[in-house]
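S.K.: The residues making up each chain are set out below.
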Amino acid sequence: MQSLSDPSPAALRILVVEDDAQLSALLARQLSGLGYTVETVSDGRAAITTLGKAQFDAILLDRLLPAIEGVEVLRRIRAEGVETPVILLTALGLTQERVEGLEAGADDYIVKPFEIDELNARIRAVLRRRSAPAADNATLTAGDVTVSVLRHRVTRAGKPIELQKTELKLLAELVREAGSVLSRKMLIERVWGYDFVPTTNIVDVHILKLRQRLEMPGLPDPIATVRGVGYMFRA
Amino acid sequence: MPRRRLRSLGRIAIAFALALSATTALAGVGVYLALLDAIDHQVDLRLQGEARELLEGGAGVPEIVRRIARESSERESADIGFLLRDSLGERIAGNIAPAHPLPIGVSTVTDDAAIPGLSRGRAWVKQLPGGETLALVAESEPIDQHDHKRGRILAIGFGAVMTLLLIGTFALIRAIRINIAAIGGTAEAIIDGDLRARVPVERPGSVFGALAVTFNRMLDRIGELMTGMRSISNDIAHDLRTPLARLHGRLAALADMPEAAPVREELADAVAESEEILAIFAAILRITEIEGGERRAGFERLDLAALAADVAEGLALLVTESGRTFVAPAPAVAVPVEGDPRLLTQLIVNLIENAVTHTPVGTTIRLDVRRDDDRALLSVADDGPGIAPAERDRALRRFGRLDASRHTRGHGLGLPLALAIARLHHGTLALEDAEPGLRVALRLALAG
Numbered sequence: 001m002q003s004l005s006d007p008s009p010a011a012l013r014i015l016v017v018e019d020d021a022q023l024s025a026l027l028a029r030q031l032s033g034l035g036y037t038v039e040t041v042s043d044g045r046a047a048i049t050t051l052g053k054a055q056f057d058a059i060l061l062d063r064l065l066p067a068i069e070g071v072e073v074l075r076r077i078r079a080e081g082v083e084t085p086v087i088l089l090t091a092l093g094l095t096q097e098r099v100e101g102l103e104a105g106a107d108d109y110i111v112k113p114f115e116i117d118e119l120n121a122r123i124r125a126v127l128r129r130r131s132a133p134a135a136d137n138a139t140l141t142a143g144d145v146t147v148s149v150l151r152h153r154v155t156r157a158g159k160p161i162e163l164q165k166t167e168l169k170l171l172a173e174l175v176r177e178a179g180s181v182l183s184r185k186m187l188i189e190r191v192w193g194y195d196f197v198p199t200t201n202i203v204d205v206h207i208l209k210l211r212q213r214l215e216m217p218g219l220p221d222p223i224a225t226v227r228g229v230g231y232m233f234r235a
Numbered sequence: 236m237p238r239r240r241l242r243s244l245g246r247i248a249i250a251f252a253l254a255l256s257a258t259t260a261l262a263g264v265g266v267y268l269a270l271l272d273a274i275d276h277q278v279d280l281r282l283q284g285e286a287r288e289l290l291e292g293g294a295g296v297p298e299i300v301r302r303i304a305r306e307s308s309e310r311e312s313a314d315i316g317f318l319l320r321d322s323l324g325e326r327i328a329g330n331i332a333p334a335h336p337l338p339i340g341v342s343t344v345t346d347d348a349a350i351p352g353l354s355r356g357r358a359w360v361k362q363l364p365g366g367e368t369l370a371l372v373a374e375s376e377p378i379d380q381h382d383h384k385r386g387r388i389l390a391i392g393f394g395a396v397m398t399l400l401l402i403g404t405f406a407l408i409r410a411i412r413i414n415i416a417a418i419g420g421t422a423e424a425i426i427d428g429d430l431r432a433r434v435p436v437e438r439p440g441s442v443f444g445a446l447a448v449t450f451n452r453m454l455d456r457i458g459e460l461m462t463g464m465r466s467i468s469n470d471i472a473h474d475l476r477t478p479l480a481r482l483h484g485r486l487a488a489l490a491d492m493p494e495a496a497p498v499r500e501e502l503a504d505a506v507a508e509s510e511e512i513l514a515i516f517a518a519i520l521r522i523t524e525i526e527g528g529e530r531r532a533g534f535e536r537l538d539l540a541a542l543a544a545d546v547a548e549g550l551a552l553l554v555t556e557s558g559r560t561f562v563a564p565a566p567a568v569a570v571p572v573e574g575d576p577r578l579l580t581q582l583i584v585n586l587i588e589n590a591v592t593h594t595p596v597g598t599t600i601r602l603d604v605r606r607d608d609d610r611a612l613l614s615v616a617d618d619g620p621g622i623a624p625a626e627r628d629r630a631l632r633r634f635g636r637l638d639a640s641r642h643t644r645g646h647g648l649g650l651p652l653a654l655a656i657a658r659l660h661h662g663t664l665a666l667e668d669a670e671p672g673l674r675v676a677l678r679l680a681l682a683g
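One line per chain: the protein sequences are C and H, in this order.
Take the first sequence: its position 113, counted from the start at 1, is 113 in my numbering, and no numbers get skipped.
In my numbering, each number is its position in the second sequence, counted from 1, plus 235.
No wet-lab data here; the hints were simulated from the structure.
Just so you know, even glycine gets a beta-carbon here, dropped at the ideal spot from N, CA and C.
Possibly wrong hints are sitting among the right ones.
Output of the computed footprint for chain C on chain H, the stretches with three or more beta carbons under 8 Å from beta carbons of chain C [stated by the list, open to error]:
hint, stretch
1, 521–534
2, 549–556
3, 570–581
4, 586–594
So that you can see chain C by itself, here it is in the shape it has in the complex (with noise of 0.2 Å):
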């Protein structure tokens, strides 16, 4: 899996702060595997001191963290000053969790267990969101297709597409952040606005409905499946 539009991650740093050695280590492993630069820190202590010392690109945050909390070490990171992105790691992934978080000052909320693929795109997605603020009400282009949301309307190579309400929500999402992976669970926070996993594959029913739906004879199919993790626009 390649992102087309985003920058090469050697250059992105990335502070893991998790408790659990075992699973601070494979996460290490995986990040390097991507091509991050990685540092593991094991409590909330030590990752104050990290961040004094040195700058990252994304905090990677575990909420149950010895010593001091991993939303409390969030509040006097931010206290400080530190804008840097951090996404949430927890067991529980509990409403009341994630809204404590949010409101601490984090960009995003994994609940383990997650996909490393999963956390990558949350990691993209983070570091897209501080460099290019979502445009929300702009007219969205990829490739040959243009969603305006506004006014409900989809053209592909000029020609108009009907499309449902939920479908052209969907298609707005991959085509903003056209050429990056989102996942299924991203797209569910995103498209549907629920807070939790629908046991029925309602993702994958509607962007085989969009396929169908944006399908012209000679053009290909703009949007690719990244096997296990979920989808992405053709940019």
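Once you've looked at the hints, dock chain H against the given chain C.
M.R.: Just chain H now, with coordinates in the frame of chain C:
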């Protein structure tokens, strides 16, 4: 529920008041009769004594007449009426003239005898050897118009006692009602999931105070047990989910390695299996979180009809692509409720997913939201095989999935989760017969 108890308290008070009135009245009558009896006896003795004086020494008629005249004028016997008649009934001497003849012996005289100044008295009558009759009459009332006055005294006294009794009873009922309501309110709050609710204790020394303290100690104990159970589930979540997450991550990483090509399918199955276990954890934790009741803090006023329409929009394709027909009429009127929009969304999604998972292809699934009297009614009905009435309870229990074969998808926690969400909203979730098929009905209070 407390109202019925209070009505029985009222009944106890009324029964008590009636019993007390009856006892008091009976005692009053008894005392009255005993008093009259004692006075009669006293008067009889006095009349006998007076008669003995009149007849002393076997006095003849002229002597008796003389003595009557003397006694009538003496101060201590002036209130006694005397009458001496001859054998023909003609009056010889005396100071009274009763309207009817008085019987021989002792008897009671009433105002029928028309003796001036006497409303109730005693008579002592004796036939003398010469055929004459001597009658002596005296008042037997302690005071004039005794019965009338006594009646008034009784009425005032009785009224005062009853008033005090009623005030006391109502004060008691009020005290009981306030204390029962305090305990009842606390119990209701606990049932609703606010495990920190306690009965206010004003005077720990009083009976109700002691009861409240005991009740609160019981709640503390239950709270400790609940905290223990919840921390166990948190511990399970943390201690089991973390290694599971590692296992899952390793399996997924393994599946991605080029060397894994020959067993890739097997590894994908293993990954899916571990995902299913983790989904069960997620659902259990979700139910635990909902049952804790904390999410009520995030309740807001929302239109259930609009929310359902949104969910229907997002799921319509899923239902139709699965080969089932989806009917979700556009909402005609707003159905306002107080609730958590995310949880109500999950409830509706669960019901629709449940209908899709457990019905055959070709089934029609119908989502309706409307006002039903003073309640909001949301229902998801299908015309599939339905659930037998006897098995409906089990379907709402955790892991109570009806098809034991476990070949159908899902973890069997969809309906229990929906039930927990309904309860959090003080609502009900019922499995009903859609004739044919199953209808799951959520009923919530309408927001005012």
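S.K.: Taking each numbered hint in turn, which are not upheld by the structure, reported in ascending numerical order?
M.R.: none
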